[in-house]
Amino acid sequence: MKTKLILAMTSALALTACNDDSVTGSTGNAVSYVEISGDPTTGETLTSTISDGNGFDPANVTYTWVADNKVLSGSTSGTYLLTDADVGSMISLIVNYTDNDGYAEKAISAETDVIEIPAVPSAGSVAISGDAYVDFELTAIITDENGSGDTPIVYVWMADGVAIADATSASYTLTEAELTKTITVSATYTDNDDFPEDTLSDPTAPVIVKPADVVTSQVAKITDTMGVGIGDGSTDTGELRFKLSDESIDPLVTGKLSLSFRKEANAVNNNPNDTDTDFKDAYIGIFGTKISTGYELVELRVKEGNYVIRGQEGTVDTDATFTGEEWVDIDITWDATNASASVAPLITLSINGTPVSADPFPTYDSGKSDGSLGTHFETIMNGVQHMTFRLGDNDATVATAFYLDDIKLYSDVAGTAEVFADDFEGFAVDDSLDTDNSASPYNSSTNEAVVAEVTREGAVVADPADPPADPPVDNFQVAKITDTMGVGIGDGSTDTGELRFKLSDESISPLDIGKLSVSFRKEANAVNNNPNDTDTDFKDAYIGIFGSKVSTGYELVELRVKEGNYVIRGQEGTVDTDATFTGDEWVDIDITWDASNASATVAPLITLSINGTPVSADAFPTYDSGKSDGTLGTHFETIMDGVQYLVFRIGDNDATVATAFYIDDIKLYSDLEGTTEVFSDHFESTNYAVGGSLDTDNPASPYNSSTNEAVVADRL
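Numbering of the sequence shown is given in the working numbering, commencing with residue 1 and proceeding in unit increments.
In short, the hints are calculated from the structure, not lab data.
Be aware that a few hints might be false.
Cross-link-like lysine-lysine pairs, in silico, DSBU-like; alpha carbons within 30 angstroms at most [said to hold, decoys possible]:
no., residue 1, residue 2
1, Lys-243, Lys-210
2, Lys-243, Lys-368
3, Lys-408, Lys-303
4, Lys-290, Lys-303
5, Lys-502, Lys-368
6, Lys-667, Lys-562
7, Lys-368, Lys-303
8, Lys-303, Lys-243
9, Lys-627, Lys-181
10, Lys-502, Lys-667
11, Lys-562, Lys-502
12, Lys-290, Lys-243
13, Lys-106, Lys-70
14, Lys-667, Lys-210
15, Lys-408, Lys-502
16, Lys-627, Lys-549
17, Lys-549, Lys-368
18, Lys-243, Lys-408
19, Lys-243, Lys-181
20, Lys-210, Lys-408
FRET-style restraints, in silico, Cβ to Cβ [said to hold, decoys possible]:
no., residue 1, residue 2, range
21, Asn-437, Asp-359, 26 to 32 angstroms
22, Thr-190, Glu-247, 31 to 37 angstroms
23, Ala-177, Ala-658, 15 to 21 angstroms
Just so you know, even glycine gets a beta-carbon here, dropped at the ideal spot from N, CA and C.
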């Protein structure tokens, strides 16, 4: 919502009963005016002011308030209180009276702006998009329900809280100077409802050199920053345009276009000289001889998380959505075999493999005509001659970007005869895709399109010298831990359900630094049902890392997986989390530790993330339990050399529970980043059979003899 204070509105004039020409002064009828002032928001009062050179008696004025040309019944005074019923309307005023010289007067005010509900302050926020790798670009994304962009936005990028020199735009490319530092950005501005905003982002992860196993892809990056000087000839839309004839490709009567895109979120127009502050769309379009709105075969408008097919609204709609972090696959086909000046080509369009319509649909008829090229249909009846990918418009500037990758153009609907393809890997990062780059195949209408390096999920970098990788393993089996051995309390037959891994059993030395990644599912209602135990509470599961001694109070860290929530043992009130889970949910846990500076008096440092969200902003020290073992020493002495055991448990020695604790995809690394793997287990059929024990009675099991009631199960 956007409101502006009305100081004085221009009035319109209509005069009646004038016996001669209008004149000023006392010898004739002077021009009369009425104007209304006030803020056009509900709860505010509009006030009238009448001007008449002949004078008038206010008591003789008849007031008629009007909303969208309809009289507001009962509103007959010189003021009008705006109510919720007026929202969306424009208000005007008609006054009738006889002036002091006997002339009958009728004056009509100008209309107000559209009446709105008063703006409510909503705190803006800024977030950072991008990967915290050297030479990668970060972008500040503002979210503000009151809107932004009416005034300039002041950005300040910071490394470990210290401002980076000259880093004051919406984007910043990281350098080696920021290595190991966390990055934040502040944004200061006045929002579109005139509320001041000063917001600071959350920090990124520490900046690192891009890891070798992180896959990057080169893509086209389209921006739109050339809109500030509205009307001065310097503005333009961000665009990547391909003209088939530039590459000696004839018009394609039939064909298919495939590509992937990512449109960053919050593509709001932030040009302070443009009153249009809506979110700006991106466009994927195919055209014939003329590139202009209303001449497309089809154009997909990529809005703020949803889509519209231009000209097909209400005829061909889609409820598909996307996020600003998501890469989306688009497939468009066309068939202009039977097209003519009066017959439209037939189109199909799919988003991530899902068609927007059951059958091909015809291009809509815009009714437009170009004197030299003909009507809309005449420009497209020979098929596709241009592809365009755009962001924003001539008057807009946006801080976000529109990315494209894997463009493929075919001369058949089935997509078997490729005539053009570009994955942008043949360029250097930051290369222009305009005609100033002789290697670019794109048309001279291309503007603000360059090659960028981004991370793309799902791929793995392979060293050409490495042997061929094993085929992927389906994720069908897991470890299932139960706790049923608690009935005979105190008779020696009881035990906790546990899967324990001792590093030295697999010839792995203690890890003074490292990372553990694991997925778990804990079934709901893990209540103790041992009839001989008076403790009937719900039983917890545990994920813990230990040094030389495995016992409560000797852990580096242990996550208690309770009934839908979590506690970090010994850290209650110091390091807490409000994360939750359900009994049907698989949850990803990542734990790192650094005992490189640990000693008998100095604790290791820990990080813990649940589904990718850290439980604390910074690494936290292991708590000191104060316990001591006569042989192994104090708590800290047992852990100062790092991790020697991994432990996954459910219940306790006296409990029996009917539910289970499932573990999968264990990965143990000897570094904090998780690049050097020393042990992993996904429990698949390459190593285990369903129902197989994970205790030492199974020679294929790598787990310790303290393992109990842990077997391989199907992942349901």
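Right, here's what the structure says about each hint:
no.: 1; hint: Lys-243 with Lys-210; verdict: 36 angstroms, violated
no.: 2; hint: Lys-243 with Lys-368; verdict: 22 angstroms, holds
no.: 3; hint: Lys-408 with Lys-303; verdict: 23 angstroms, holds
no.: 4; hint: Lys-290 with Lys-303; verdict: 24 angstroms, holds
no.: 5; hint: Lys-502 with Lys-368; verdict: 75 angstroms, violated
no.: 6; hint: Lys-667 with Lys-562; verdict: 23 angstroms, holds
no.: 7; hint: Lys-368 with Lys-303; verdict: 24 angstroms, holds
no.: 8; hint: Lys-303 with Lys-243; verdict: 25 angstroms, holds
no.: 9; hint: Lys-627 with Lys-181; verdict: 36 angstroms, violated
no.: 10; hint: Lys-502 with Lys-667; verdict: 14 angstroms, holds
no.: 11; hint: Lys-562 with Lys-502; verdict: 25 angstroms, holds
no.: 12; hint: Lys-290 with Lys-243; verdict: 11 angstroms, holds
no.: 13; hint: Lys-106 with Lys-70; verdict: 17 angstroms, holds
no.: 14; hint: Lys-667 with Lys-210; verdict: 21 angstroms, holds
no.: 15; hint: Lys-408 with Lys-502; verdict: 52 angstroms, violated
no.: 16; hint: Lys-627 with Lys-549; verdict: 11 angstroms, holds
no.: 17; hint: Lys-549 with Lys-368; verdict: 81 angstroms, violated
no.: 18; hint: Lys-243 with Lys-408; verdict: 14 angstroms, holds
no.: 19; hint: Lys-243 with Lys-181; verdict: 45 angstroms, violated
no.: 20; hint: Lys-210 with Lys-408; verdict: 29 angstroms, holds
no.: 21; hint: Asn-437 with Asp-359: 26 to 32 angstroms; verdict: 42 angstroms, violated
no.: 22; hint: Thr-190 with Glu-247: 31 to 37 angstroms; verdict: 48 angstroms, violated
no.: 23; hint: Ala-177 with Ala-658: 15 to 21 angstroms; verdict: 58 angstroms, violated
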